[in-house]
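Undergrad: Going down the list, the sequences are from chains A and B. For the first sequence, our numbering assigns the number 1 to the initial residue and increments by one for each residue that follows. For the second sequence, our numbering assigns the number 1 to the initial residue and increments by one for each residue that follows.
Note that these hints are calculated values from the structure, not bench results. Some hints here could point you the wrong way.
Derived Cβ-Cβ restraints for the label pairs, each shown as a range [to be verified]:
| id | chain 1 | residue 1 | chain 2 | residue 2 | range |
| --- | --- | --- | --- | --- | --- |
| 1 | A | Y304 | B | L141 | 41 to 49 Å |
| 2 | B | A69 | A | D385 | 44 to 52 Å |
| 3 | B | L104 | A | A91 | 46 to 54 Å |
| 4 | B | L141 | A | A143 | 53 to 61 Å |
| 5 | B | G55 | A | P390 | 28 to 36 Å |
| 6 | A | H101 | B | L104 | 52 to 60 Å |
| 7 | A | K197 | B | A153 | 16 to 24 Å |
| 8 | A | V389 | B | L104 | 51 to 59 Å |
No residue lacks a Cβ here, since even glycine has one placed at the ideal position from N, Cα and C.
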Amino acid sequence: MTFGISPRFFAIAAGFGLALGLSPHPARADPPPIPIGLVAALSGQSAVSGDAITRGLAVAIDEINAAGGVLGRPLELIRRDDESNPGKGIAAARELISRDHVVAFFGGIDTPVSIALVPIANKEKTPFIGVWAAGTGITRNGASPNYVFRVSAVDALVDQRLLRYAVTVARAKHPGLMLIDNPWGESNHAGLMAAAKATGITLAGAESFETGDADMTAQLARLKQAGADCLILVGNAAPAAEVIRSLDRMGWDVPVISHWGISGGRFPELAGPSAAKVAFVQTYSFFKTSAKGEAVLTELEKKYPAIKGPADVVAPVGTANAYDAMHLLALALAKAGSTEGPALQAALEALPPYDGLIKRYDPAFTATNHDALGPDDYLMVHFADNRIVPVD
Amino acid sequence: MLLAAALVSGLAIGAMYGLLALGYHVTWVVSRSVNFAQGSVMMLGAVIAFSLMLGWGWPWPLALPAALAGCAGFGVVLERVAVRPFRARGSESWLMATVAAGMLVENAALFVFGKEPRGMPSALARHPLMLFGAGILPLHLVILLTGLGLAGAFLVATRATPYGKALLAVVQNPRAAQLMGIDATRMTVFAYALSSALAGLAGILIAPLINVSADMGFVFGIKGFAAAILGGLETPSGVVLAGLLLGLAEASITALIGSGATVMASFGLVILTLYFRPHGLFGRAEIRKV
């Protein structure tokens, strides 16, 4: 009697072995990646902003992974589309935290969405780093400990900058406000009123508009009648373009100074030739030359063939803010030595100095200040054709 | 001054509601069904025209009829797929089927056309004319005149041309019309094609004013339907007039109160009007003989 192993038995056993992940030549197991989330507008009117943020994060992640990753693990980006809708943003963030187990997540252009994500980040103890939305209340949310950080502009500070520019450069005495009718517009309304009061400027008035408004001459005419000699504009690209076209229609040639929402879409195409006269705020311009700036631009050109120079980086603040924010998060992960939320939060509040793309962060955040950028980091720009170039 | 400009722009947008409402009217009177994808067809017209002109470089005299033909074709397919099978079985499910078809088209446009709104350039929307001290775009006037002209032509055509008379015959008594040799099915198909072409034209005309995007037609479709109901679905001149009134009301509310109140106040007015005149401003109660 012989005991032979039939070829069939061997084949079945080998099949099971493979199914169980046992390989005849065991290779070194790759460490699992550290998942990092992004909740941003990847479709809809502000889709350009989501793409720009993705590019910044992706280039930074490539650099970090090429240098060996963090804690011996590569980083992996998981993106979710919020469609500029707070409800969808909340669902996306919950999914990222509970299903994908992200260690932290980044936010997009829309303040209403980011405001809605703040309680989730604080409750789930998962750091949330805003890289675009500027609503003051996002980081200054009263929570302790506060899991929300930001590498972007802050409305309250941008408002001071816009008003200062209106008075000193546009020589305005009575600026009028044109504000989008949502929490972001309200955040800036409060900020601009406070800034005007602090500097003793009388505003001509404040008007609001809806995203779908096809004609804004009524609101503009009221501001004109109230004696506005300059407009401060807060809105995303499509409705803001409508404001400019309504101005053209009225034949009212008035300086327009804008918050940066207009850089998140095809503002020059939608607004027409008058787009060029709008001065607006940015945190970074790829026309600003620095060694780091050129290195990042080269990486962007390599990774995205459509980018052939600084002019092709559409919505550059999204890319620049996201790039720096990703590196700051990697630093925090390394410092915390862990991917646990509380450890990461503490590490973000105590980061070592870091030379970023936008500036040297010394340090980026403190326990009382979760905003990495301040008014000295803002610069004024305008559109020249499709390019965003510094005003001076 | 301010009000004058607001009123002209309100009338122009109202004329577009009127065109959409006329589309609702046509299919309703001929087939007792309504194409709830009207808003999406409006977007389809704008998207096709935009793609042909800016993507493929077609001149507008070619792109415009091609886009309208595309919309009319869509109307024919819609009638065949989403309306006729249900009506044949005496079911009212065409209601949901046309809504669903509209959503399908919107989502398809998101994939094919893209997610971002695009600017439709127009020579008529570049330099404003100064009327009564307020700027009005030539396009506003063109839209208004086209809307009114088409509504007028429609009225004349239904009374003076054989096709129009056949259409009216089907409206009055489909069975008798059929016995007289008028093909009621063909008339229904024609009504859907016509209503879709009207919606497409509205989309193309309005695009330079409100940008082209996959979701541009949704609210317009609802407002067009509001105009159709407000005017009394049975009366062609009534629905167009109601469209103009709705546009005017919106523009006046925006000018006097602010745009935050526009949707609330204008739809509030619609409900209030229907409360007092359930058959619309210009409609009459249908008499059913039993």
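Undergrad: Look at each hint and say if it fits the structure.
TA: Hints versus structure:
Taken as a hint, the range 41 to 49 Å holds for the pair Y304/A and L141/B, whose Cβ atoms sit roughly 44 Å apart. Take A69/B and D385/A: their Cβ atoms lie about 35 Å apart, and the range 44 to 52 Å is violated. For L104/B and A91/A, the Cβ-Cβ distance of about 23 Å falls outside the hinted range of 46 to 54 Å, so the restraint is violated. Against the hinted window of 53 to 61 Å, the Cβ-Cβ separation of L141/B and A143/A comes to about 56 Å, which satisfies the hint.
The hinted range of 28 to 36 Å is satisfied by G55/B and P390/A, whose Cβ atoms lie roughly 33 Å apart. Between H101/A and L104/B the C-beta distance comes to about 35 Å, which lies outside the given range of 52 to 60 Å. Against the hinted window of 16 to 24 Å, the Cβ-Cβ separation of K197/A and A153/B comes to about 59 Å, which falls outside the hint. In this structure, V389/A and L104/B break the distance hint of 51 to 59 Å, their C-beta atoms being roughly 43 Å apart.
Hints 2, 3, 6, 7, 8 from the earlier list are contradicted by this structure; the remaining hints agree with it.
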